[in-house]
Amino acid sequence: EAGVAQSPRYKIIEKRQSVAFWCNPISGHATLYWYQQILGQGPKLLIQFQNNGVVDDSQLPKDRFSAERLKGVDSTLKIQPAKLEDSAVYLCASSLGRYTEAFFGQGTRLTVV
Amino acid sequence: AQSVTQLGSHVSVSEGALVLLRCNYSSSVPPYLFWYVQYPNQGLQLLLKYTTGATLVKGINGFEAEFKKSETSFHLTKPSAHMSDAAEYFCAVSSSGGSNYKLTFGKGTLLTVNP
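Line by line, the protein sequences give chains A and B. Just so we're aligned, residue 1 is where the first sequence starts under our numbering, counting upward by one. Just so we're aligned, residue 1001 is where the second sequence starts under our numbering, counting upward by one.
Some hints here could point you the wrong way.
Under the rule of at most 20 angstroms between Cα atoms (straight-line distance), these lysine to any residue pairs were calculated in the SDA-like manner [claimed, not checked]:
{"hint": "1", "chain 1": "B", "residue 1": "1107", "chain 2": "A", "residue 2": "87"}
{"hint": "2", "chain 1": "B", "residue 1": "1107", "chain 2": "A", "residue 2": "59"}
{"hint": "3", "chain 1": "B", "residue 1": "1102", "chain 2": "A", "residue 2": "97"}
{"hint": "4", "chain 1": "A", "residue 1": "44", "chain 2": "B", "residue 2": "1039"}
Below, a sample of chain A positions facing chain B; criterion: calculated Cβ distance under 7 angstroms [stated by the list, open to error]:
{"hint": "5", "residue": "5"}
{"hint": "6", "residue": "41"}
{"hint": "7", "residue": "88"}
{"hint": "8", "residue": "101"}
{"hint": "9", "residue": "104"}
Please keep in mind that the hints were generated in silico from the structure rather than gathered at the bench. All of these numbers come straight from a predicted model, not from anything done at the bench. Where a beta carbon is used, it is the ideal one built from N, C-alpha and C, also for glycine.
Could you put the whole structure together from the sequences, leaning on the hints where they help?
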C-alpha cells in the first residue's frame, strides 16, 4: 500500500514570497489533515478535510494560508505572503475516517529567509 | 477541549535500560490515544493505539502503553532500550467535538539512548 506522498521535501523562499505544498493521501482515505510542526514542538493542526469539505480550520491563519482538496483526493496548502515565523515542517496525513489512526507523509521543510 | 501533556521534553537512558515516557491527557469524552515516533527528517509513524477494550496495548518495536482512566494517563514503556529507539515520541488524543473529530498532539519527548 502506497503511503502519503508530499512534495517538495524542502523549500527555501524569501519573506513575502508565496509557496505551495502538495499532498496525495492514501487511496480511499476520506480524512486529510495538514499540520504545522515548528522545531521543538508537536504538530499543530492547521486544517482538516472530510472528503472535500473542511471540518476544522480554526487554527489556520486565513489571511495568508489557504488550502483545498481537489475532488476529495489530492490537496494543496498555500502560503501567501510568507513570514519568517512560517518556517516549519508541514505534514500531511490521512485516515480512513473518524477515530482511526492518521498516516503521515514525510513532510515539507519550509525555510523562510 | 482536549489536550495532551508530555512530562519531560528530553529523556536519556542507557542501552538495555527501561524506557518510560509519560503522557497525560484531558478529554471531556472517552478518548482514543496514540503514540507516534518521529525519526530525523521523517514523518510520524504510529507505535500503538488505544481505542476500547484491553487497557494494556502492545505496539511495534517492543513498546507498550497502559491506559489508566483514573489517572488520565497513557505512559509508554519498553523494558530494554536499543540504540535504534533514539527518536522523538509524540502522544496524541482524539475525541469527538460536536460533529468533528480532532487529533491533538503533545509537544513531544526526545529519547536519547546512550551506549
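Verification of the hints:
1. B:1107 to A:87: holds (17 angstroms)
2. B:1107 to A:59: Distance of about 17 angstroms is within 20 angstroms: holds.
3. B:1102 to A:97: It holds: about 11 angstroms lies between the C-alpha atoms, which stays within 20 angstroms.
4. A:44 to B:1039: Distance ~18 angstroms between residue 44 (chain A) and residue 1039 (chain B) Cα, so the pair holds.
5. 5: Residue 5 (chain A) check fails; min Cβ-Cβ to chain B is 11 angstroms, beyond 7 angstroms.
6. 41: holds (6 angstroms)
7. 88: Violated - the Cβ of residue 88 (chain A) stays beyond 7 angstroms from chain B, reaching only about 14 angstroms at its closest.
8. 101: holds (5 angstroms)
9. 104: holds (4 angstroms)
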